[in-house]
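Chain order of the listed sequences is A and B. Those letters in the first sequence? Residues 192 to 520, by our numbering. Those letters in the second sequence? Residues 86 to 339, by our numbering.
Heads up, a few of these hints could be off.
[Said to hold, decoys possible] Think about it this way: if two alpha-carbon atoms lie no more than 20 Å apart in a straight line, the pair counts; the simulated EDC-like pairs of lysine to aspartate or glutamate are:
#, chain 1, residue 1, chain 2, residue 2
1, B, Lys-162, A, Asp-209
2, A, Lys-518, B, Glu-257
3, B, Lys-212, A, Asp-209
4, A, Lys-517, B, Glu-237
I should point out that these hints are in silico values taken from the structure, not numbers from a laboratory.
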Amino acid sequence: MADVTITAPATDAAEQADHSALHRTLFIAMAALLVVLPFIPVVGYPFFLMKVLCFALFACAFNLMLGYGGLLSFGHAAYFGFASYAAAYTAKHWGLTPEVSILLGTASGAVLGLAFGALAIRRQGIYFAMITLALAQMVYFFSLQAPGFTGGEDGIQAVPRNALFGVVPLGNDTITYYLVAAIFFVGVLLIYRIIHSPFGQVLKAIRDNEARAVSLGYRVNQYKLAVFVLSASLAGLAGATKAIAMQLASLTDVHWSMSGEVVLMTLVGGMGTVFGPIVGAAVIISMQNFLAGLGAWVTVVQGVIFVICVLVFREGIVGVIGKWLKKPL
Amino acid sequence: MVGTSDDIILQTHGLTKDFKGFTAVSEVDLAVKRGTIHALIGPNGAGKTTCFNLLTKFLIPTRGTITYKGQDITRAKPADIARLGLARSFQISAVFPHLTVLENVRIALQRKRGDSFDFWNSEQVLKALDGEAARLVEAVGLGDFSRHQAVELSYGRKRALEIATTLALDPEMMLLDEPMAGMGHEDVDRISELIRRVSANRTILMVEHNLSVVASLSDRITVLARGKVLAEGDYATVSKDPRVIEAYIGAGHG
């Protein structure tokens with residue numbers, strides 16, 4: 192038995208080190224890709240890339256809650272969109288520098304997440320999803336009815352890209368792209384750390400079997416609220432970054448269909464995988480971009496892809512690849 | 086046979102649960118002595134599981150009180166009684182399917198750290214618990230499976246894993262909900278042996294259908310029928326009680 196006590200954790204550590212090594216390699220590859228992407232033809236438009244990265248971070252934030260906390264929110268557009276307004280407003284009307292605007296936007300997502308999360312976690316499953324949807328709709332109507340803050344139907348247009356830290360001018364899209372890429376990369380690393388932390392372990396346990404986690408003495412509602420706030424903050428970070436990068440905050444960002452789109456991205460890419468939502472966001476945004484000529488048919492194509500995804504590879508693109516490799520991605 | 090109040094670790098007075106006019110548990114007075122294995126038996130629908138869920142706070146009683154170590158826990162929350170050292174298992178195997186066997190046990194050991202809200206720390210800090218987790222996994226005969234996901238285990242092994250997880254809390258008292266349900270013969274013997282072994286410094290209250298297990302393990306047995314206590318005593322006494330025999334045969338049990 193003494194033998195086993197020593198060898199079992201050792202093999203375990205070896206296997207885990209193996210996964211961490213793979214993930215580290217993938218993160219390094221991703222960083223390298225982020226650096227060279229603007230120079231690659233066809234996809235290398237900074238504006239398009241920024242859009243993909245903002246939505247990818249949004250999807251990763253959503254996946255933190257759904258894939259690792261087992262909480263299906265159907266109102267994540269609220270945190271994304273509200274933060275987007277907050278960042279756009281403070282940049283345009285208060286003349287704040289981008290990093291301050293983005294931080295304020297993120298904070299607004301966190302506060303909204305705390306308020307909505309505290310209400311929503313009292314219910315489970317479909318009721319939880321419905322409460323998050325209803326609360327998000329309230330944010331939508333507020334945005335529609337408060338043109339002084341949101342610009343109403345027009346949104347907040349021509350959001351200025353003030354100098355970063357007051358010194359680094361964000362003169363062109365390429366420089367802004369690297370700012371967005373950096374925010375995206377740090378955001379995804381943070382999510383990765385959350386997933387692989389003692390907190391993340393409890394989160395996965397609650398996702399797998401809530402009653403059992405309770406019976407082990409975990410006060411699960413506190414953990415759910417914590418992950419709700421973390422997810423809403425990161426969704427806010429994505430929204431605020433998008434407002435600065437796209438120079439626009441609009442009703443589209445708080446609309447319920449945005450909440451649906453982030454679910455779609457996460458499921459297509461692979462829920463409960465680290466890299467899935469990034470791939471999912473890239474696929475969905477690319478489709479919207481390159482199939483724009485099809486007009487309204489893009490939605491139909493999206494729908495078909497979604498149905499195929501759910502029917503044929505339920506684990507999503509990255510989930511399926513992970514299964515082939517027999518490694519969690 | 087009346088012990089002093091110090092001997093009694095868990096006690097109920099007039100415990101009652103109504104479900105919209107149907108009384109599942111009625112005026113149950115139960116006293117579990119410290120350091121014993123106490124079994125709760127009865128025919129199907131006798132209210133065993135309801136009673137069990139009342140004790141573990143997964144249901145709130147309509148009337149009556151529950152006292153654990155002299156403390157009134159009638160209104161306590163499930164997570165709080167776990168923190169008091171009263172741990173439960175579930176009738177359907179309750180594991181964390183997508184965590185490995187080792188992680189399943191470790192999540193219980195992690196409770197020693199207090200709350201784990203530290204999302205900024207690497208899970209490397211949990212490595213310190215791996216040795217103890219591996220020892221517990223080995224103790225229930227799952228040493229070869231520690232790196233497998235729990236979802237891959239057979240039913241009997243899931244039950245064993247669940248017991249290892251409950252043990253990891255090092256509870257003063259364990260409540261086991263049908264630990265042998267759906268198990269094959271070898272598994273029953275292995276888990277019986279395990280329960281006997283872990284009962285050394287603990288109190289165990291179990292709901293169990295398998296009468297031979299009850300006969301060989303329990304110090305004291307409470308028989309429930311239609312939500313009420315029908316008889317109480319050791320196996321020899323209870324099994325000869327004509328009311329018990331009638332209740333079982335009447336309900337179609339041997």
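To test your reading of the hints: which numbers does this structure violate?
Violated hints: 1 and 2; rest satisfied.
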